[in-house]
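Asks: Here are the chains, one letter per residue:
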Amino acid sequence: MSRTSEDGTLSLVSESCMDFLLPEILNMMYRTNHAEDIENDAIYYKLESLGFTVGQSLAEKFTQDRPRFVDTLDVVKFVCKDLWTVAFKKQVDNLKTNRRGVYVLQDNNFRWFMRMSLDADPAEATKRAAPYLWFPCGLIRGALANLGVSSVVMAETSNIPQCTFQIRIAQR
Amino acid sequence: MASSFYFAIVGTNDHPLYETEITPSSRPSSAVDSLKRDEHRHLNQFIVHSALDIVEEVQWNTQNLYLKVVDKFNEYLISVYLSVGNVKFMLLHDSKSEDSIKGFFVDVHELYLKTLMNPFYTPNTAITSAQFDQRVKLAAKRFL
Chain A
1 MSRTSEDGTL SLVSESCMDF LLPEILNMMY RTNHAEDIEN DAIYYKLESL
51 GFTVGQSLAE KFTQDRPRFV DTLDVVKFVC KDLWTVAFKK QVDNLKTNRR
101 GVYVLQDNNF RWFMRMSLDA DPAEATKRAA PYLWFPCGLI RGALANLGVS
151 SVVMAETSNI PQCTFQIRIA QR
Chain B
1001 MASSFYFAIV GTNDHPLYET EITPSSRPSS AVDSLKRDEH RHLNQFIVHS
1051 ALDIVEEVQW NTQNLYLKVV DKFNEYLISV YLSVGNVKFM LLHDSKSEDS
1101 IKGFFVDVHE LYLKTLMNPF YTPNTAITSA QFDQRVKLAA KRFL
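Chains A and B are the protein sequences, given in the same order. Okay, so the first sequence: first residue is 1 according to this note's numbering, each after it adds one. Okay, so the second sequence: first residue is 1001 according to this note's numbering, each after it adds one.
Excised from the complex, chain A in its bound form:
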């Protein structure tokens, strides 16, 4: 993550800072909302909306110099390659579509899951890791929205560190 200041010098943010900050957002949500159970709708909504605004800005910023998109597939490909590289330093590993408005993005080594340790019970671990995907869902939805594609994004993980995002494009 970097930002060019007025005189052209780069100012950088420490990567480990970002790595710790992002999971902490989740903890903070639970603390400030006095929520006990993991499947809390209010927290889902807040995290997703946060991701939405960030995605909107990111989409505008990182498409600054490139020509405009031709169709929806182009937009989704941009999300898979450029946006993922910017946010997670790698590209999405697998993109599938059923040609009727549903895209499935698969990331085999999701960056936020890389440092999570697994207990003896993998099912429990995947359940507890699920909320960490809500923010990226909003991120994708926001980026798509600002590029003209309105959609619904859902995420699931079957075994850490792999995760899948399902994008459903709103039909006209």
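Calculated directly from the structure, the hints in this document are not laboratory data. Quick caveat: nothing in here was measured; it's all calculated off a predicted structure. There are no misleading hints in this set.
According to the in silico footprint, chain B covers these stretches of chain A (three or more CB under 8 Å from chain B): (1) 47-59; (2) 67-79; (3) 137-148.
No residue lacks a Cβ here, since even glycine has one placed at the ideal position from N, Cα and C.
The hints should help you fit chain B onto chain A, whose structure is shown.
Replies: Relative to the frame of chain A, chain B by itself:
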């Protein structure tokens, strides 16, 4: 030589996010000249608004960001620059230097991106920052 310009940023729901009038550095102008300019000033908003339709037509034919001149009204020309998120930067002018106008648009685009990065700014709302205003006017002075 250039006389005054009118610059507007229009969001995706066709509302103006930012408007400004730019008059070039002080130059002795005759009374007739300034009278003519003031007469048409209130039309600027209407002219830019009607040009929006044409922009929407033209944007599907090309993949460029800079759409050059899209419309003409009396002696005024309207140049448009589109961002990828469909935010339109529109400039009403009466001279014809395409390169310098493009430079101005690129500069303002960067300023707009910086505004977007502000977490207190919601996309598609009016831009009210005085600093933004100042910087746009500075860019205008440099390029136009």
